[in-house]
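**Q** Can you make the complete structure from the sequences, with help from the hints?
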Amino acid sequence: MSAEEKSMSIIVTKGSLDWAYPPFILATTAAAMGLPVTMFFTFYGLPLLLKDLNLQLTAAGNPAMKMPMMGAHMGLPNILTAIPGIDAACSKMMKNLMNKKGVAPIEDLRELAVEAEVRLIACQMTMDLFEYSLDDMIEGPELGGAATYIEVATQSDINLFI
Amino acid sequence: MADHTLDAKGMNCPLPILKARKALKEVPANGTLEILATDPGSVADFEAFCRQTGNELMEHSEDGGTYRFLIKKTG
Chain A
429 MSAEEKSMSI IVTKGSLDWA YPPFILATTA AAMGLPVTMF FTFYGLPLLL KDLNLQLTAA
489 GNPAMKMPMM GAHMGLPNIL TAIPGIDAAC SKMMKNLMNK KGVAPIEDLR ELAVEAEVRL
549 IACQMTMDLF EYSLDDMIEG PELGGAATYI EVATQSDINL FI
Chain B
196 MADHTLDAKG MNCPLPILKA RKALKEVPAN GTLEILATDP GSVADFEAFC RQTGNELMEH
256 SEDGGTYRFL IKKTG
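In order, the protein sequences belong to chains A and B.
Every number in this note's numbering is 428 more than the matching position in the first sequence, counting from 1.
Every number in this note's numbering is 195 more than the matching position in the second sequence, counting from 1.
Calculated directly from the structure, the hints in this document are not laboratory data.
One should not assume that every hint holds.
Said to hold, decoys possible - As a list, the in silico DMTMM-like pairs of lysine to aspartate or glutamate whose alpha-carbon atoms are at most 25 Å apart:
1. K214/B x E543/A
2. K217/B x D536/A
3. K529/A x E257/B
4. K220/B x E543/A
**A** This is the structure we're talking about:
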């Protein structure tokens with residue numbers, strides 16, 4: 429079976445550390461399996477194209493976020509998530525855990541996506557809205573809007589919204 | 196002996212697949228790539244990868260938590 433005629437697109441709408449993984453994992457893997465892949469970065473997904481990433485996550489409103497600690501799985505009650513510095517601490521813990529478990533940093537997966545010629549489209553409207561320019565971004569993204577994405581989607585076999 | 200060996204031990208999903216794809220580029224047609232991995236998910240993933248890309252998964256085995264795959268480049 430050849431994958432040549434199959435293709436995939438992903439709308440990337442979220443830019444926290446945890447939400448950054450699914451789109452980059454799926455895009456790089458699909459590309460490795462021979463599928464042409466397009467990623468459309470919009471709203472909070474757009475900053476994932478910035479040159480310098482310092483991705484954070486938040487425990488607030490995220491009751492499923494339980495990290496292994498001292499043999500148990502520990503979550504953080506919402507009331508404690510308002511403590512200053514708690515998101516930075518959680519993010520650091522998550523990054524340490526990922527490093528220990530051999531999970532690639534997002535920066536590496538992004539580089540592999542660029543290397544695999546994944547087509548990256550930065551949403552023009554979001555660029556205007558949040559006042560970014562292509563100079564703030566890594567090399568590679570092109571600008572486009574909803575119609576650009578729809579054209580891609582009509583030609584793709586798999587279209588994901590993450 | 197395989198034409199190339201990729202040591203993907205300690206790497207988690209999707210790195211073994213991504214590194215394997217890269218390594219396969221260095222393998223001549225009908226040559227073989229041996230992959231060593233510790234990710235238990237890599238068993239199902241290399242089977243799917245080979246089905247999708249038309250490469251042949253000739254062997255896979257496990258020894259003490261290390262998985263060994265032998266892929267023939269037919270894709």
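**Q** Hint by hint, note whether the structure agrees.
**A** Outcome of the hint check:
1. With a C-alpha separation of about 12 Å, the suggested pair K214/B and E543/A falls inside the 25 Å cut-off, and the hint holds.
2. With a C-alpha separation of about 14 Å, the suggested pairing of K217/B with D536/A holds against the 25 Å cut-off.
3. Of the supplied pair hints, the one linking K529/A and E257/B holds, its CA atoms being roughly 20 Å apart against a limit of 25 Å.
4. In summary, the hint linking K220/B to E543/A is supported, as the alpha carbons are separated by about 13 Å, within the 25 Å threshold.
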